[in-house]
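Participant: Once you've looked at the hints, go ahead and assemble the two chains, each given alone in its own frame, into the complex.
If you read the protein sequences in the order shown, they are chains Y and D. With this note's numbering, the residue at position 124 of the first sequence is 124, and numbering never jumps. In this note's numbering, each number is its position in the second sequence, counted from 1, plus 189.
No incorrect hints appear here.
Facing chain D, a subset of chain Y residues (Cβ under 10 Å, in silico):
#1 GLN86
#2 ALA116
#3 ARG139
Hints are computed from structural coordinates only; laboratory data are not their basis. We treat Cβ as the ideally placed atom computed from N, Cα and C, and that holds for glycine.
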Amino acid sequence: MCAATPSSPAAKAQRNADRKSNAGSTPDPWEACVRLEYGGDRSLAWSVREELLATPREGWPQAEERLLKALALPGGTEAGRAFVCQMLALVGTAKSVPALAALLKDAKFTESARYALDAIPGPEASAALRDGLGAVEGRAKAGMIGSIALRGDTSARYSLAAIKGNPSEPAIVREAATRALEHLANAKA
Amino acid sequence: MNPVFPLSRRRFLQQSGLATAVAAAPFILPSGLRGQNAPSKKITVGIVGAGNISDSHFGPLLGDPENVRILAVCDVDKERRDDSAARVNQTYGNQDCTAYGDFRELNRRTDIDTVFVCTPDHWHALVAIDAMRNGKDVYVEKPLTLTIQEGRALVAAARKYNRVAQHGTQHRSMKRFHDVAEFVRNQGLGRLERIDCFIPPNNRHVGATWKPEPVPAGLDWDMWLGPAPWRPYTSLGCHYNFRFISESAYGQVTNWGAHYLDIGQWALDMDGSGPVEVEGRGEFPSSGLFTNATKVDFTVRYANGVPMHCRTRFEGGGTVRFVGERGWLDIARNKMSASSNDLLREMQAPGKKIQLPLSNNHHENFFACVRSRQRPIADVELGHRTTTVCNLGQIGMVLGRKLRWDPVKEEFVGDDMANRLRGRAMRSPWALT
Numbered sequence: 001m002c003a004a005t006p007s008s009p010a011a012k013a014q015r016n017a018d019r020k021s022n023a024g025s026t027p028d029p030w031e032a033c034v035r036l037e038y039g040g041d042r043s044l045a046w047s048v049r050e051e052l053l054a055t056p057r058e059g060w061p062q063a064e065e066r067l068l069k070a071l072a073l074p075g076g077t078e079a080g081r082a083f084v085c086q087m088l089a090l091v092g093t094a095k096s097v098p099a100l101a102a103l104l105k106d107a108k109f110t111e112s113a114r115y116a117l118d119a120i121p122g123p124e125a126s127a128a129l130r131d132g133l134g135a136v137e138g139r140a141k142a143g144m145i146g147s148i149a150l151r152g153d154t155s156a157r158y159s160l161a162a163i164k165g166n167p168s169e170p171a172i173v174r175e176a177a178t179r180a181l182e183h184l185a186n187a188k189a
Numbered sequence: 190m191n192p193v194f195p196l197s198r199r200r201f202l203q204q205s206g207l208a209t210a211v212a213a214a215p216f217i218l219p220s221g222l223r224g225q226n227a228p229s230k231k232i233t234v235g236i237v238g239a240g241n242i243s244d245s246h247f248g249p250l251l252g253d254p255e256n257v258r259i260l261a262v263c264d265v266d267k268e269r270r271d272d273s274a275a276r277v278n279q280t281y282g283n284q285d286c287t288a289y290g291d292f293r294e295l296n297r298r299t300d301i302d303t304v305f306v307c308t309p310d311h312w313h314a315l316v317a318i319d320a321m322r323n324g325k326d327v328y329v330e331k332p333l334t335l336t337i338q339e340g341r342a343l344v345a346a347a348r349k350y351n352r353v354a355q356h357g358t359q360h361r362s363m364k365r366f367h368d369v370a371e372f373v374r375n376q377g378l379g380r381l382e383r384i385d386c387f388i389p390p391n392n393r394h395v396g397a398t399w400k401p402e403p404v405p406a407g408l409d410w411d412m413w414l415g416p417a418p419w420r421p422y423t424s425l426g427c428h429y430n431f432r433f434i435s436e437s438a439y440g441q442v443t444n445w446g447a448h449y450l451d452i453g454q455w456a457l458d459m460d461g462s463g464p465v466e467v468e469g470r471g472e473f474p475s476s477g478l479f480t481n482a483t484k485v486d487f488t489v490r491y492a493n494g495v496p497m498h499c500r501t502r503f504e505g506g507g508t509v510r511f512v513g514e515r516g517w518l519d520i521a522r523n524k525m526s527a528s529s530n531d532l533l534r535e536m537q538a539p540g541k542k543i544q545l546p547l548s549n550n551h552h553e554n555f556f557a558c559v560r561s562r563q564r565p566i567a568d569v570e571l572g573h574r575t576t577t578v579c580n581l582g583q584i585g586m587v588l589g590r591k592l593r594w595d596p597v598k599e600e601f602v603g604d605d606m607a608n609r610l611r612g613r614a615m616r617s618p619w620a621l622t
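Next up, chain D with everything else stripped away, as it sits in the complex (with noise of 0.2 Å):
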């Protein structure tokens, strides 16, 4: 039994005939109705991959006692799920937090609401998925998926299920990148002529070959490369180094690279598109474990002509720029500038004509759709196309040649091998159905 829901949401609204009524019209709840989905009841979570990205999720959530409670944390290494529920028992002053190998377990508990996919990225569409299917809402991490066929399936999932899903894209909800992507929208830039996104450096070096090493004890290595094709195990390519190997990540492209992509697509109004054409190149070690480029340099084209570079900046860190005819805004986490104040005064004035949706926290933007069961400031199927914006720099950089892109169809057009680039087959028994 749910310790805090003592009847679900979900189940409430199978049993009072409303899960249909809220399917077809997924707005707030007529308040004399919302009964167990009040505000005070606190929502469940479970955190599937307990290694360096879900620390950014356990403090805030973990600070949060009176809206949200961690039932369950999942990670195929046992020293670090047993850690991380640890961390929650304690802050919590409770043994309730269970930790499990394998996320299907978690996701199978009724009393679990939302799950969050903190796990390498080719896990994301798989845990995510299955969460969706046994009824939780999901907060996906960046990216949203390795594939542009996992993703389209993930949205599809979302969709069918429906359920509340996030993309782990925190930038949408600071008011920073809000306040750029609105006044470029409005046209405040004059006509945009560029966009210029640098992102970090990428692999670190470890040598042109590397030996097999045993399976350290209490990981589960099988489980740890899951749908990725086999290989043995080397602690050179496990945990956090999973984003410098294409069969896991490919690398700053897909892990900054989704987070300043992403504010671009916003400012052009692509949330539901994407280019139509991309051409890179990309340079790549042709040794050692680690595959991803080391040198990350793609552009992709939008059907307006308006062009958005990718490169990699080995200093000072990453960042988007927006180039107009009336000057250029350039934005980073911690810090923005411009080609002069008259702009950035502008861009903070009232009543611009187009408004985007405005978070200011990404976290609570998720609890407060998963009690609305709107759809979240970076709902997933935005995050697919932000996603798919990183793979097309990717195919782009592996093929070398300038390809063209069909956002409707979400296929490359006349290229046959980038087409078979989008997808790939899953080591067994995983599967996309």
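Same shape as in the complex, but just chain Y (with noise of 0.2 Å):
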């Protein structure tokens, strides 16, 4: 039997039919990235980052928008939440903020949205993490607090100056706030 030929109509509705049957076969990079896992495929989340990299200023409102879909979605593994956590903290604005703010009070996420809040301009932003402090403790409460020093968040210094003297409070929570108070200090003069 003769092969077809790359031009021959046969060949075209094959590959008609190729593609046809792999429709729908690859899932949405933007919906499978929240499911990664760490050590398996991150292809998918790859594309995502790709795609976000490359996506000018006026394309973030977009990318965001797809991102807090994202992080959304039911099933979003620690691996998955965190990935879009991350490119969040690449284009994430006030818009982003109450998701995170909602995401920084469950324990299995607080660091993940820290690092998107961290990064994210604006008082907003600086106004969630000043009240994670009331909803985390220990570690988490530390490095909430030197991300709220490093923001250079001045309104914050009374919590600070409140976890410094409690002493109640972890000694690891209370250096951090020292520290904090003292960087806050040091950036105003």
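Facilitator: Right, dumping it as structure tokens:
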């Protein structure tokens, strides 16, 4: 039997059939990325990242919207949500803050949410971090204090001073508050 | 009590009221006031990170028992720290070297003068800053830090605490690199047209996927990660291989790049500044554990118009080549060539108008500065500037577009995303405060 040439009608029909048979077999990377597993295939997440990095400033709102949709999907994994938060750290704005602030209170995702909030400029993200102080404790609280200090959020001084002087706080938290206050004072000077 | 310094130099200076004077004029102490700071006194050392790179320090330091005494080693891997401490104790014939699993314990010892930071890159800034806060002088392996933000914080700490801080770019203490930088600085090549840096290839391949593994006994994985984002342990991503994962390092861009780009910076008289533009096209793996570029290709451009290219060379190793209107000079750690022998002869001729400081031994230079309180040959400001060039290359390749850089403000011009990549939040409880 003769093989069809690449340009023959039979070959074209076969290619069309192949396309149809493959349609839908690859999930939307913007949805799949939130189900990333540590050690798993990250090629879909990578394609999201590549698209995001190439997005011009005017395209950020749309990209942010897609990331927030992904973050809200059920079944998000620890690695997947961490990835989405990493991406929000690049393009996130005040619009992302409510979702991240909610995530901040979930111990499993506190760190990832903080990484994103840490990078988002503006008073909304600063307020979310300050509010978050009441929702976390121990190491996570120390980390949050560090983020607040490095953002230069001087409005947190009273909260930090209270934490520093609170004997019921663990040493790691009080030390973080002490350093944060020093940092804010130095930055002001 | 310090078995070597009955009264430490720092405490002596504080008690004698000299600390302020030294801070104001950090030069050589008057000879009549040396006392406990006399050159005959040994400088005490703690080494943080007992892996691959620390081997290049243990040998020379242990080989100088008249001047240097290693008192402590620290590593989050018990086997490594115990082996290193045993090596030190065997050499000295005693049991004085203590092994620590937490660098903060080592840094708080009052009998240790200097700390060598030999950890994975994501730890450099925190370990060094903590050491300086506790009064230690530091020798920080290259790259100085993982991010630009960390580098500026480390330099600020060195100045705030008046510490001697040496960057581990030992090419600065190799005469051939000195001579080339000085020759270029004196227009020996005529008008400089470009600099080409070649760095060795990067990642090992470990497959598209990987499996989390149980953390081995004796390894404190949480402390190994430190400020880096959490991920489960895999033997493929621990110890030496940290450099291939962007949460910990930027591959050969910051490994070998820190050496060769540094010589470009030196020759261009950019130790306190840097390029104004970067553009890159790296090839990054889209799957698997390793995330750093397998093929590096970026160009930074300086305000005088000179470009410095940095590319992966798959055969032949690292080198830096200066190309000018009179020819070229190509230099590596163990070889040097030129477009003509005349250039090599001229390079060796004495009496150049601009003379660069000469050091022939990076360790000796550091220890001499610890005694004299002068700035070392690879002071952390220039270390930070060189590491920034590495970072610019990395960010340029990641974003794949031309970026403008303001070396005074240390920020990208008109690119918010690039600016967000200058630093990163640290995992709790760590912070750059």
